[in-house]
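Undergrad: Just need the whole structure built from these sequences, with the hints factored in.
As you go down the protein sequences, you meet chains A and B in turn.
Count along the first sequence from 1, then add 121; that gives the number in the working numbering.
Count along the second sequence from 1, then add 23; that gives the number in the working numbering.
For the record, the hints were derived by calculation from the structure and aren't laboratory data.
The C-beta atom is built at its ideal place from N, Cα and C for all residues, glycine as well.
Keep in mind that a hint or two might mislead.
[Stated by the list, open to error] Here chain B is said to cover these stretches of chain A; the calculated rule only asks that three of the stretch's residues, wherever they fall, bring their Cβ under 8 angstroms from a Cβ of chain B:
#1 276-285
#2 440-450
#3 490-497
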Amino acid sequence: MSVAVENIPGQFDDLDQSLESQMTLSMGPQHPSTHGVLRLELKLDGELVVKAIPDIGYLHTGMEKLFEYKKYQQGIVITDRMDYLNPLGNNLAYVMAAEKLLDLEIPERAQTIRVLFCELQRIASHMVWLGTSALDLGAMSVFFFCFRQREKILNLIEAASGGRMTPSYFRIGGLMMDLPAGFERRCQQFIEGFPEALDTFETLATGNTIWQSRTQGVGVISREEAIDWGLTGPCLRASNVDLDLRRDNPYSGYETYDFDVPVETDGDVWARYRVRMRELYESHKIIRQALARLKPGPIKADAPKVVLPDRDDMRKHMDSLIHHFLIVAEGFSIPEGEVYHAIEGSKGELGVYMKSDGTPKPSRVHVRGPSFINLQALPVMSEGEMIADVVAIIGSLDIVLGEIDR
Amino acid sequence: MSIITDVIQSTVAVIKGMRRTLAEIPREKWTVQYPDDPITVQPRYRGMHLLHVDENGKEKCVACYLCAAACPSDCIYIEAEDDPRPYEQRVGRDERFAKVYNIDYNRCIFCGFCVEACPKDAITHGYNFEISVYNRSDLLKTKNDLLITKQKQSKNYRVALSSEDVDSEYKEV
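TA: In structure tokens form, the structure reads like this:
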């Protein structure tokens, strides 16, 4: 079966026909403000963008195919590397999809720790977004303040899991191991120091006239268009759509936490900036509550055929040792079926579709990456804007190319 | 808004920002002058592996292949051998040991699954992350490079002491 090459419409066909007053500019893949290797094909009329086409795929690593060759528990390490700014969110989406198929019940403490770490990771992810998008717009010191806060969070994640950007902390049926001693104290230290950092960001960016004039009224997307293009997360909520999966489709016990969902009406870069800034306050609130309700208890579900036994237990009891050997060497099989589970990642709806054929390896895993879908709206946002504002719009979308290309 | 108010407001914004930035100068520094000053890592940090020995210097590994089976990137290669000699003359603690134990650090992703899988606590992560080499073939580490007795002699190496291995109190960073 072969398809004639000339029958496929070229992606850039209409760009090749140059007009008198228009020029085509290739932005990226090495442009620093593209946050990775994104290439934009811009058709310009003077400084105005007539058309923008994102060209992706430079980071493609075939991760979705790779899932099919790994056992269920081994797939967790692949999810770390998709959205590398929100690895714990990816872990959570993946393990929760598998848990849904297995119908596992996760103990209270593990749920609380998951929520705690997801919110810490959300703050860390937003810190990178704020730092880099401010850097793109010329505000350099914000970047350093943001990365200092992120460093504190990465230290916490490293303390619990051993990895900074690739924690693989969540396991199917629970957690890798319990929190280390003294974690609560260190986490408390962080959340007590964080409001001061938030004040810094408000001073440096929110109250700054230059920042306001660079962002307000730029890259507007209307409510209807935002829904049509499938935007999720902060980008959607900036266009006056009140949707947050943590509240509307709660998982991991999010329904028991008290938090607001920030919504803005304008749909421009400024609105997206405000939504994320207000989310930082909400995440801070959730971390405070999660920390207060951490009670001692089991961190793994009661499913000896799926969850690795406790290490002490494994050394003493023969049946635990046998389960340990079976799980590690052969993996565990998941009943046949397919499932889609979505969580609210730091960038939007992060969904994992998983199909099991009853063997220890998934038959298909598909990831609905929020960055990929959100990037589609870039042409809508940037057409008619100045070329310098495209940089601000990319920054406000908060894309991670590792997730887009997968 | 006239151009004059524009200029004044922008200047005010710059001054405000600079005031915040300059206020940081006397504060505590988080930047580490890395190659000159050492970096501290958390107790659970996943660095280069260590193959452990018991109190008499006998290797703990029994070549059960669980680490190789758990490895998502297939970077562990083991060849097992039986050793029927008495304990005093043996290489390993048990009658079976790994004649060849290679970890290919070209492939290793430091996920910690091998450590979790090991039923004998024979392999753990050390704290060494400075493993870059000039030649890619040097990244294939053999048992000789990985054994804890060999690694203690390396000056660059921060060995994970058993007391602070995991689950201990934090080091202050």
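Undergrad: Run every hint past the structure and note whether it holds.
TA: Tested hints:
With a cut-off of 8 angstroms between beta carbons, the stretch 276-285 of chain A has 7 residues touching chain B; three or more are needed, and the interface restraint holds. Only residues whose beta carbon comes within less than 8 angstroms of a beta carbon in chain B count, and the stretch 440-450 of chain A has 5; three or more means the coverage holds. Counting residues of the stretch 490-497 of chain A whose beta-carbon sits less than 8 angstroms from any beta-carbon of chain B gives 0, not enough to reach three: the coverage restraint is violated.
Checked against the numbered hints given earlier, this structure breaks only hint 3.
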